[in-house]
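Undergrad: Sequence:
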Amino acid sequence: MLKYLIATLIVCSLSIADEATDKKSFQVYKLFQEKCSDCHGGHKKKPKEFGYILDLKRLAENPDYISKGDAEESELYKLLIEEDEEMRMPPTESKYDITALSPDEITLVKEWINAMGKTDAPVNTQVDPEEKKPITIKQRIAYLHPVVIHFPIACIIAAFLAELLLFFKPGIDWLNGARRWSLWLGSAGAVASAFCGWQLADVLGYSESIFNHRWLGIASMVLAIFATIANERIDRKTKKVWIVRILLLIAAGLVAASGHTGGEIVHDYIN
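Counting in the working numbering, the sequence shown runs from 1 upward without gaps.
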């Protein structure tokens with residue numbers, strides 16, 4: 001009887017330990033997502049050094065970065081506590097404006113690595129079992145951003161080009177309709193894209209790294225709406241038509257800049 005009781009206690013304790021380790025793995029996953037994925041995430045076309053920081057199992061199996069059960073000998077942990085600020089990860093002068101890890105966060109990573117020598121289930125989960133839920137409406141909306149975004153970019157720039165051609169060739173009547181409908185469609189698409197993009201940033205946890213992209217996108221949307229309203233209300237035979245032209249020029253510039261920063265975040269094509 002005592003033998004079975006001891007065996008039961010051992011099994012229960014191991015189960016509790018595994019659950020606690022899974023919890024810790026999930027915390028590490030969220031930490032890496034916030035602090036490291038901008039440079040080492042799988043979404044990067046050209047990640048720095050490696051691009052699987054969120055694949056905890058693969059990361060843990062790489063002896064170049066992780067020495068299971070011994071954080072002090074793990075290159076990943078050494079980079080977090082490096083005294084040389086230029087070598088320490090994450091870099092304090094990162095273009096993504098990411099803050100350094102706190103002592104508690106460093107301790108979390110250390111405990112996570114040390115726990116690998118005590119159980120076989122420290123790194124098999126990327127998502128906490130309790131967090132496995134159906135895809136939410138917010139997520140569905142968020143993932144529409146890459147699909148929707150190209151439409152307003154094309155339409156707003158097309159409206160500006162139509163206006164530019166009309167400036168040099170005012171007699172081309174069909175360009176008036178092209179400019180008008182491109183503006184309406186571009187403005188509507190900009191609203192949809194900005195809304196989806198805002199949700200996407202929350203879902204993926206890009207945090208401060210998308211600050212410039214986010215507000216350039218919002219500014220593009222606002223200018224496109226103003227340009228659309230001005231185009232409808234201003235008599236093009238008066239000098240006030242320059243208001244439309246200036247608004248279109250700024251809107252096209254902003255949408256180009258917004259698209260540029262968005263592409264840099266996703267594909268990292270500059271570096």
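Treat the hints with care, since some could be wrong.
[Claimed, not checked] Using 25 Å as the maximum straight-line C-alpha spacing, the simulated SDA-like pairs for lysine to any residue come out as follows:
#1 LYS169 with ASP55
#2 LYS30 with LYS169
#3 LYS138 with PRO63
#4 LYS240 with ILE250
#5 LYS239 with CYS196
#6 LYS68 with LYS78
#7 LYS68 with LYS138
#8 LYS30 with ILE250
#9 LYS138 with ALA178
#10 LYS237 with TRP181
#11 LYS237 with LYS138
#12 LYS240 with THR261
#13 LYS237 with ILE135
#14 LYS24 with ASN62
#15 LYS240 with GLY259
#16 LYS237 with ILE141
#17 LYS240 with VAL203
#18 LYS169 with ASN62
#19 LYS239 with ASN212
#20 LYS237 with ILE153
#21 LYS138 with TRP242
#22 LYS68 with ARG58
#23 LYS110 with GLU75
#24 LYS24 with LYS169
#25 LYS239 with VAL203
#26 LYS30 with ASN212
#27 LYS110 with ILE135
#28 LYS24 with ALA178
#29 LYS110 with GLY177
[Claimed, not checked] Using C-beta positions, here's what the derived DEER-type ranges look like:
#30 LYS138 with ILE172: 42 to 48 Å
#31 GLN139 with LYS169: 56 to 62 Å
#32 GLU83 with ARG140: 33 to 39 Å
#33 GLY69 with SER102: 19 to 25 Å
#34 LYS78 with TRP215: 32 to 38 Å
#35 ALA100 with ALA154: 17 to 23 Å
#36 GLN139 with LYS57: 20 to 26 Å
#37 GLU82 with LYS57: 33 to 39 Å
#38 PHE151 with GLU61: 22 to 28 Å
#39 GLU83 with VAL203: 48 to 54 Å
#40 LYS239 with ALA154: 45 to 51 Å
In short, the hints are calculated from the structure, not lab data.
All residues carry an ideal CB built from backbone N, CA and C; glycine is no exception.
Undergrad: Run every hint past the structure and note whether it holds.
TA: Structure-based check of each hint:
1. LYS169 with ASP55: Outside the cut-off at roughly 56 Å; violated.
2. LYS30 with LYS169: Violated, at roughly 56 Å.
3. LYS138 with PRO63: violated, 38 Å
4. LYS240 with ILE250: holds, 16 Å
5. LYS239 with CYS196: violated, 37 Å
6. LYS68 with LYS78: The hint holds at about 14 Å.
7. LYS68 with LYS138: The given pair, whose Cα atoms are some 38 Å apart, is violated under the 25 Å limit.
8. LYS30 with ILE250: violated, 38 Å
9. LYS138 with ALA178: Status violated; Cα separation ~34 Å.
10. LYS237 with TRP181: The hint holds at about 20 Å.
11. LYS237 with LYS138: Violated, at roughly 46 Å.
12. LYS240 with THR261: Judged against 25 Å, a Cα distance of about 32 Å means the pair is violated.
13. LYS237 with ILE135: violated, 53 Å
14. LYS24 with ASN62: Holds, because 19 Å separates the two Cα atoms, which is no more than 25 Å.
15. LYS240 with GLY259: violated, 29 Å
16. LYS237 with ILE141: Roughly 42 Å between the alpha carbons, so the hint for LYS237 and ILE141 is violated.
17. LYS240 with VAL203: Not OK: LYS240 and VAL203 at ~43 Å, beyond 25 Å, violated.
18. LYS169 with ASN62: Between LYS169 and ASN62 the Cα gap is close to 63 Å, so the pair fails against 25 Å, i.e. violated.
19. LYS239 with ASN212: violated, 34 Å
20. LYS237 with ILE153: Outside the cut-off at roughly 28 Å; violated.
21. LYS138 with TRP242: Not OK: LYS138 and TRP242 at ~40 Å, beyond 25 Å, violated.
22. LYS68 with ARG58: Within the cut-off at roughly 12 Å; holds.
23. LYS110 with GLU75: Cα-Cα ~11 Å, so holds.
24. LYS24 with LYS169: Distance of about 66 Å is beyond 25 Å: violated.
25. LYS239 with VAL203: violated, 46 Å
26. LYS30 with ASN212: holds, 23 Å
27. LYS110 with ILE135: Given that 25 Å is the threshold and the Cα spacing comes to 32 Å, the pair is violated.
28. LYS24 with ALA178: Roughly 56 Å separates the two Cα atoms, so the pair is violated.
29. LYS110 with GLY177: Distance ~63 Å between LYS110 and GLY177 Cα, so the pair is violated.
30. LYS138 with ILE172: 42 to 48 Å: holds, 45 Å
31. GLN139 with LYS169: 56 to 62 Å: violated, 47 Å
32. GLU83 with ARG140: 33 to 39 Å: violated, 46 Å
33. GLY69 with SER102: 19 to 25 Å: holds, 24 Å
34. LYS78 with TRP215: 32 to 38 Å: Holds, at about 37 Å.
35. ALA100 with ALA154: 17 to 23 Å: violated, 40 Å
36. GLN139 with LYS57: 20 to 26 Å: holds, 23 Å
37. GLU82 with LYS57: 33 to 39 Å: Violated, since GLU82 and LYS57 (Cβ atoms, about 25 Å apart) do not stay within the stated range.
38. PHE151 with GLU61: 22 to 28 Å: Taking Cβ atoms as reference, PHE151 and GLU61 lie about 42 Å apart, which means the hint is violated.
39. GLU83 with VAL203: 48 to 54 Å: The hint (48 to 54 Å, Cβ to Cβ) is violated, given that GLU83 and VAL203 are roughly 36 Å apart.
40. LYS239 with ALA154: 45 to 51 Å: violated, 30 Å
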